[in-house]
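One letter stands for each residue in the lines below.
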Amino acid sequence: MLFTSIIYFLFLGSSLIVYYLIPVKYRNYFLIAASAFFYMYVKIDYIFLIIFIILANYWVGIQIEKSKTRNNKLIYLNLSLLINLGILIFFKYWNFLIENIFEILGWFHFDSQGPLPILNIVLPLGLSFYIFQTIGYTIDIYRGSIKAEKNIFRFSLFTLFFPKLLVGPIERANRFLPQLQKKIYFEKENIIEGGKRIARGLFKKLVVADRISIYHTAVITSLSDQSGSTILFATILYTFQIYADFSGYTDIALGTARLFGFDLMENFKQPLLAKNVSDFWRRWHISLSSWVNDYIFNPIALKRRNWSNWGVFYALLISFVVIGIWHGASWNYVLFGILQALALMYETLTKKARKKISKRIHPSIYKYSSIFLTFLFVTFSLIIFQSATLSDAWSIINGIFSNHGELYYNSPSTLIFMLAGCGMMLLYDIQVEFKISQFSFLANKNWGTQQACYALLLIYILIAGVFDGGQFIYFAF
Amino acid sequence: MEQNEVLKKLNKIFIEVFEDESILLNENTTTSDIDSWDSLNHIQMITAVEKHFKIRFELNELLNFKNVGDLCRGIEEKKK
Amino acid sequence: MEDSSFILHSNKQGYKMTWIGTIKNKKILTFLLKTLSFLAILFLLDFSIGSILKYFYKKQKSGVLYRATYSIDSTKADILIFGASRANHHYVPGIFENRIHMSCYNTGRDGETILYNYAILKCALKRYSPKIAILDFSREEFVKTPDNYDRLSALLPYYKDHPEIRSIVQLRSPYEKYKLLSKIYPYNSLIFSIAIGATKLNTSREYIKDENGYVPLPEIWDKQPDIDTVFIKNELDSNTIKLFESFIKDCIKSRVKPYIILSPVFIKYIYKDQSVNIALSIAKKYHIPMYNFLNDSTFLNHDSLFADAGHLNNDGAKVFTNKLIDTILQKGQNIAGN
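Protein chains in written order, with our numbering: chain A, 1 to 477; chain B, 1001 to 1080; chain C, 2001 to 2338.
The set of hints was computed from the structure by calculation and includes no laboratory data. Nothing here was measured: the structure is a model prediction, and the numbers come from that model. Be aware that a few hints might be false.
Each computed SDA-like pair below joins lysine to any residue, with the alpha-carbon atoms no more than 20 Å apart [said to hold, decoys possible]:
hint	chain 1	residue 1	chain 2	residue 2
1	A	K303	B	E1061
2	C	K2144	C	I2282
3	C	K2177	A	Q386
4	A	K25	A	A36
5	A	K303	B	K1009
6	C	K2076	C	D2210
7	C	K2249	C	D2210
8	B	K1009	B	T1030
9	C	K2144	A	D468
10	A	K351	B	S1039
11	A	K196	C	D2046
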């Protein structure tokens, strides 16, 4: 069920009505049923896999806690890691591993005698998100940060909760499990704030992301016919597209959760206004980057603290390759990760030098140049992120510098729609980031003004949104 | 070793590693309270602390420190 | 026990509980009222802005939106041309008028398929009976393509006033008729086109002012013909086949003479096309003339007649229209009415 489809809103509306009509103590059970239905609607087979993952981790979590010795705890943890990672690797990386292993064997003249055991595996939607969430849960129990969830229903809802099931955020047990223990009562604040958030998400997805997508796809699929300026323009727009797409979808997820009285973690904090690459990764896909930070980077960096800088670099490299490859089983994602790691290494080494420069230049100039340069780096990284192969990425980069001609923008209408959408989205982020309240519309203190603005927002979505097709880019994770 | 002493010594180490004279630690200080903190000087800080107090932390102890107070208690435990 | 559930359970706690219950209910009531007022604001905005959009949409004086409105609401030409971009850029009404002395209008529209063409025919037939309907047909016309339904958005502005096309528009999605309750929805994505068209800029913005719906292409192609050796058995869309047959049947019923034409492209095809074969069999069934110019050497050898691999330019269109008329006259079809 796409978050922007009518069927989703019919599902949401009816679920909400039932949820608030039934007695409080049954509300969580209803959510489990609704979430299961939601997942089965996407594909009916998925439910079996997730039930297995829920039961297995529920049991293992309790075993880890019950174990008296550190060693025993570790054994159970490793068991859960084996199951969780095993499932993830199988569904996601099997073909990638097989192809590359045989490629390497081929270099040593060990050629396969028959066809490669490539399987026709379909990656269940949301797998990468909830497997990571569950791994975090078991590691937290092992570390003693949280207690294992003894209530199987609560644990099921923790994993299955439909707003975050398909596209995250990757929740943390210490943040979300306590919420599942509370009784949820109807609060009009939840409905209003949840509704507003969904409206903003629909705007980003339908008006900005899907609109740019049409243009960007058209340019990228006809690279050789496009001028350098067109390719550059499309590439820059792509950064806005992917931000609008993912954060818009996340807004709808968080807004939905809020409607039911839950508070999911923020996944984006105005990332396009980041001042450097480390700052960017504290603002983009926060649930993933903080997960990697807590469960991969920190342990490795601390373990290797004797290596001083090299320990940190080693940890950075592994962390960002994981972040890269989490997105998909292909080398461009690995390269994307390496690029981020290199950027962070650079920033670590030049921290003092950059601080000196910042003191000599006017603060505003330094601030805006930093934002601009970071944006440039992000856009460049996304060229590699979006290209299926390295030669595709090269075609884009090469095209920008060598193709001649005018800017092609299809029609004035298309151009206005895209620029207006990006502009509105950016203005909202600027306002939130720099806490400007004078001209705020959607965040206006006057209730009447705010209501009018949200009405206009919905109207603008009707006027400018793309309603046909438009797939969410992050779905194949 | 008194807790106050540990905290004072920690403060000195923090100022040196983070190169920030304005740092004033208390029980509840976390990484988000210190502007100049980042992943690199966090590691440097830990190694400096271990060197100064002549102790070595276990990995899971390090991962469970939530604030400076936890760090102090961890140091005291090790010195016993 | 606090419970804001609407289900009233028997209240043994007496007066105090009822009082709390009423307060809670009042809160919910005011919330519902606020929601209703928000919806009312939305409805008002939708209604007023939608009406403004409709007004300026209908006021277009040239351009693709104007041509669509003219095709659906106004034209009374004896000869109507139907089809996609090839129809729009290949058939010159002026030549029909000079040689056969019958008025002609070109309803062709870029990117549209038989779904759209049939709708235009229905609208025309509701108002009058043209003498001839020329349908430009393309290879792979019947291949299942979801985009084709998306492009039916071109018909949304006409949904309300033209019940005859509603069933076709509803093919877009089962929720289409609910979406169309909004007055703005039919004009989705059109606001800037409408605004630009409402100003004088529009006349110069299109290639040239159209000639009775025909839009000439000035470019000249300069390449060798592409050779298409692809043979894929695509899944076919039964809707499109049905509507194609209905197109022919409706013409016959209203005493309109249909012609199915495959106009030239600058591509050499090796394999025969499924859709063309199906169209051929349907045309034969109803004894309708179908003429295929795809392999015509007059065009395949002359890149100067083409604007790009898929479309004739102005010169090519003139040559083609003449050749088409020659063919029609030669085959002894009685053009002047039935």
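Taking the hints in turn, this is what the structure says about them:
no.: 1; hint: A:K303 / B:E1061; verdict: holds, 12 Å
no.: 2; hint: C:K2144 / C:I2282; verdict: holds, 19 Å
no.: 3; hint: C:K2177 / A:Q386; verdict: violated, 37 Å
no.: 4; hint: A:K25 / A:A36; verdict: holds, 19 Å
no.: 5; hint: A:K303 / B:K1009; verdict: violated, 24 Å
no.: 6; hint: C:K2076 / C:D2210; verdict: holds, 17 Å
no.: 7; hint: C:K2249 / C:D2210; verdict: violated, 30 Å
no.: 8; hint: B:K1009 / B:T1030; verdict: holds, 17 Å
no.: 9; hint: C:K2144 / A:D468; verdict: holds, 16 Å
no.: 10; hint: A:K351 / B:S1039; verdict: holds, 12 Å
no.: 11; hint: A:K196 / C:D2046; verdict: holds, 19 Å
When held up to the earlier numbered hints, the structure conflicts with 3, 5 and 7 and fits the remainder.
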